[in-house]
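Since the structure of chain S is already known, use the hints to place chain G on it.
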Amino acid sequence: MKTQSALNTYIKETGGWVASQLEACTRCGICADACHFYQALGNPEYAPVWKLEPLRRAYEQRFTVAGKLKLALGLEKKLTDSDLEHWSKIVYEACTVCDKCAFVCPMGIELGLLIHEVRTGLAASGVVPGDLAEATEKQKTLGSPLGVTDEMWRERIDWITDEWEEKIPVDKPGAETLVVFTSIELMKFPDNLAAIAKILNKASENWTTSSTGREVVNFGFFEADEELTKLFMYRVFKAAEDLGVKRIVISECGHAYEAFRWTAPNIMKVPKGIEIIHITELIHQLWKNGRIKIKEGAFDDGVITFHDSCKIQRLGGLIKQPREVLKVLAPKNFKEMTPNKEQAMCCGGGGGVISIKEAEANRYAVFEMKMEQMQDIKAEAVCMVCSNCRLQFVDSLAHFNSTIKVHSLAELVSKALV
Amino acid sequence: MDWSEILRFSRGPLFHLSLIIFIAGMTYRLLRIVLLGWERDRTKRQGSKLWGTILNYLRGLIILPFIPWVRRTFRNNALTFIAGGFFHLSLFVVLAFGAAHILVWQSLCGISWKPLPTPIVDWLAAVGIISLLVLLINRLTHPVLKLLTKLPIWINWTVVFLPFITGYIMTHHLWFRYEVIFSLHMISVCLLLIWIPLGRISHFLFYFFSKTIHGAQAGKRAVTP
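One line per chain: the protein sequences are S and G, in this order.
Each residue of the first sequence is one higher than the one before, starting from 1 at the first, in my numbering.
Each residue of the second sequence is one higher than the one before, starting from 1 at the first, in my numbering.
Take the hints with a grain of salt, since some may be wrong.
[What the hints assert, rightly or not] Partner residues aside, some chain S positions facing chain G, computed with beta carbon under 10 Å:
1) G15
2) A19
3) Q21
4) T26
5) I30
6) G108
7) K288
8) G316
[Claimed, not checked] The list that follows gives simulated cross-link-like pairs (lysine-lysine, DSS-like), each with its CA atoms no further than 30 Å apart:
9) K150/G <-> K78/S
10) K49/G <-> K272/S
11) K327/S <-> K341/S
12) K272/S <-> K44/G
13) K68/S <-> K146/G
14) K272/S <-> K320/S
15) K140/S <-> K202/S
16) K150/G <-> K288/S
17) K146/G <-> K77/S
18) K202/S <-> K332/S
19) K44/G <-> K172/S
20) K320/S <-> K44/G
21) K78/S <-> K167/S
22) K49/G <-> K89/S
23) K341/S <-> K44/G
24) K44/G <-> K269/S
25) K150/G <-> K2/S
26) K238/S <-> K172/S
27) K320/S <-> K357/S
28) K230/S <-> K146/G
29) K335/S <-> K188/S
30) K246/S <-> K146/G
31) K44/G <-> K288/S
32) K320/S <-> K49/G
33) K68/S <-> K150/G
34) K89/S <-> K150/G
35) K269/S <-> K146/G
36) K89/S <-> K78/S
37) K44/G <-> K12/S
38) K44/G <-> K230/S
39) K150/G <-> K341/S
40) K12/S <-> K114/G
Keep in mind that the hints were calculated from the coordinates and are not lab data.
Quick reminder that beta carbons are idealized off the backbone N, C-alpha and C, glycines included.
Bound-form chain S, shown alone (with noise of 0.2 Å):
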């Protein structure tokens, strides 16, 4: 039963697009190298192309001789429950679904993208680990995946507008931009709740939060449900609609970031005329529009380097606007780590991987590699621009006693605004 609404929802996926690049892999194996995971435990199930396993079969088996004739000649079987009891571990505790894979893949397949769409079957048969599965649910049924209520909102806005002193807008009429926040940021780093708050006030940017679209988190999105991907995107459009903003500012977020700017115009009916830009090209857009100003050199002391988000960076393009940022605010001691950009490993953290208790041994060994990159060039201090990386960050470099500093480039921004 599981395993058919898994298959009903492959075969439904599976379009030209899927099925050329599951047909255009030679099985040469290259991605495992760029597979954070892979590379840290060494398990070949782990390799990316393993991973498209359950979303393959279905489509072979359906759409393709080949697939008829192994399955005729039981050189392979049909998918059971067990399988993908399987793959949901390795496919949501051992995948943070970065997208490193298609960038080394020498046939250039979109595998992190496929990932996705495996990951959008097991959630269709509800083989998703618990931890994921929780999480979502309090996000469909309370609005935040970490349980905060409408109530406990407000109070934490209050909060932090008393302890950082900044205004934080909330339903303003007439504002131009709608600012929506995770319950990260809200709950774990109110800082950066504060310094975004900071910086656009400021700039004089007429700005507001939403009590309602007050959750930019997609765990719909991590899951791969996809009507529960744009429900929370619902929720949020919603709200920019009621309040006829023209902007809506993505915070420190990968995968919404990924949700809003990229899936939602394919999957469900989004506003017109509003755009979608996230927190980094913001503070960007202000700095060289000149409407904030920052002390050059404000963080020269130490070497400092940059965390590319596989989602806001690899595949979200805002590569050369942190950094730019960054080398005015830290001129001589700013350092790459390598690899950086686009090849940049990702923090072991993303896609979900987090919420998952079974998967801490996983993200911890992840995270040992991105510490040695940082401590090849003897940081002292790195700075990203998503709150679920610096969550990893932060706690695995507890967790390794490190003493590393992690930074939000707001944080950095608002605290050298002149």
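Same frame as chain S, but now just chain G:
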């Protein structure tokens, strides 16, 4: 056994039948993919899809194959990159610039061109054979490849290796009578042609799909593919 009769059959009707199966099979697969339906991409672009695609082909076909070591994945996959690269080069040169193959092209399409000097083609054929052996050993030992390699992949390897090795033996007049080895070469080529539409050797066609898709994806997001 009358080998000259077998040769006549294998380079005549069998070869033509195999070609027809190959072309019909690949056409079927191509149409199947195209007709599965393609959704329009409604997202707002940040960069040019066309430029991303062009850049992706430039990198994949012209730049990176000649400087593979700049890729970080090269370190752990040197064998796959080097042997894979030389194998494709060898395949291309032997098929397109071997004197005997040019005659086949001429009989099929009516056009011909100047072959490369025999020693060059000959050496490259040997390189192709060695590359295939290296790739085989790699496939037998690499943990990920062991997991990925099922019967069809072994068939792929075999049907590619046979034409190479029989062709090489034939041009060097080793061990077999001419009609025998020529027949074996033709039969193995026919096997290859019939197998291609069923297996993953067909990647030479789908390469253009995935490469274009990735290039366009990278292009619209304004990143280097």
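Cross-check of the supplied hints:
1. G15: holds (5 Å)
2. A19: Result: holds, 5 Å to nearest chain G Cβ.
3. Q21: holds (5 Å)
4. T26: With a closest approach of 5 Å, the T26/S hint holds.
5. I30: Hint holds; I30/S Cβ to chain G Cβ min 5 Å, cut 10 Å.
6. G108: holds (3 Å)
7. K288: violated (16 Å)
8. G316: With a closest approach of 7 Å, the G316/S hint holds.
9. K150/G <-> K78/S: holds (16 Å)
10. K49/G <-> K272/S: OK: K49/G and K272/S at ~23 Å, within 30 Å.
11. K327/S <-> K341/S: holds (15 Å)
12. K272/S <-> K44/G: Holds. K272/S to K44/G sits at ~12 Å (cutoff 30 Å).
13. K68/S <-> K146/G: holds (23 Å)
14. K272/S <-> K320/S: holds (28 Å)
15. K140/S <-> K202/S: Cα-Cα ~35 Å, so violated.
16. K150/G <-> K288/S: Measuring from Cα to Cα gives roughly 56 Å; hence the hint is violated.
17. K146/G <-> K77/S: The hint holds at about 19 Å.
18. K202/S <-> K332/S: Holds. K202/S to K332/S sits at ~27 Å (cutoff 30 Å).
19. K44/G <-> K172/S: holds (28 Å)
20. K320/S <-> K44/G: Holds, because 19 Å separates the two Cα atoms, which is no more than 30 Å.
21. K78/S <-> K167/S: Given that 30 Å is the threshold and the Cα spacing comes to 58 Å, the pair is violated.
22. K49/G <-> K89/S: violated (35 Å)
23. K341/S <-> K44/G: Within the cut-off at roughly 22 Å; holds.
24. K44/G <-> K269/S: holds (14 Å)
25. K150/G <-> K2/S: holds (27 Å)
26. K238/S <-> K172/S: holds (15 Å)
27. K320/S <-> K357/S: violated (34 Å)
28. K230/S <-> K146/G: Judged against 30 Å, a Cα distance of about 40 Å means the pair is violated.
29. K335/S <-> K188/S: holds (27 Å)
30. K246/S <-> K146/G: violated (54 Å)
31. K44/G <-> K288/S: The given pair, whose Cα atoms are some 23 Å apart, holds under the 30 Å limit.
32. K320/S <-> K49/G: Between K320/S and K49/G the Cα gap is close to 19 Å, so the pair holds against 30 Å.
33. K68/S <-> K150/G: Answer holds: K68/S to K150/G is near 15 Å, not above 30 Å.
34. K89/S <-> K150/G: holds (23 Å)
35. K269/S <-> K146/G: violated (45 Å)
36. K89/S <-> K78/S: holds (19 Å)
37. K44/G <-> K12/S: holds (25 Å)
38. K44/G <-> K230/S: holds (18 Å)
39. K150/G <-> K341/S: violated (36 Å)
40. K12/S <-> K114/G: violated (51 Å)
Hint check: violations occur at hints 7, 15, 16, 21, 22, 27, 28, 30, 35, 39 and 40; the rest are consistent with the structure.
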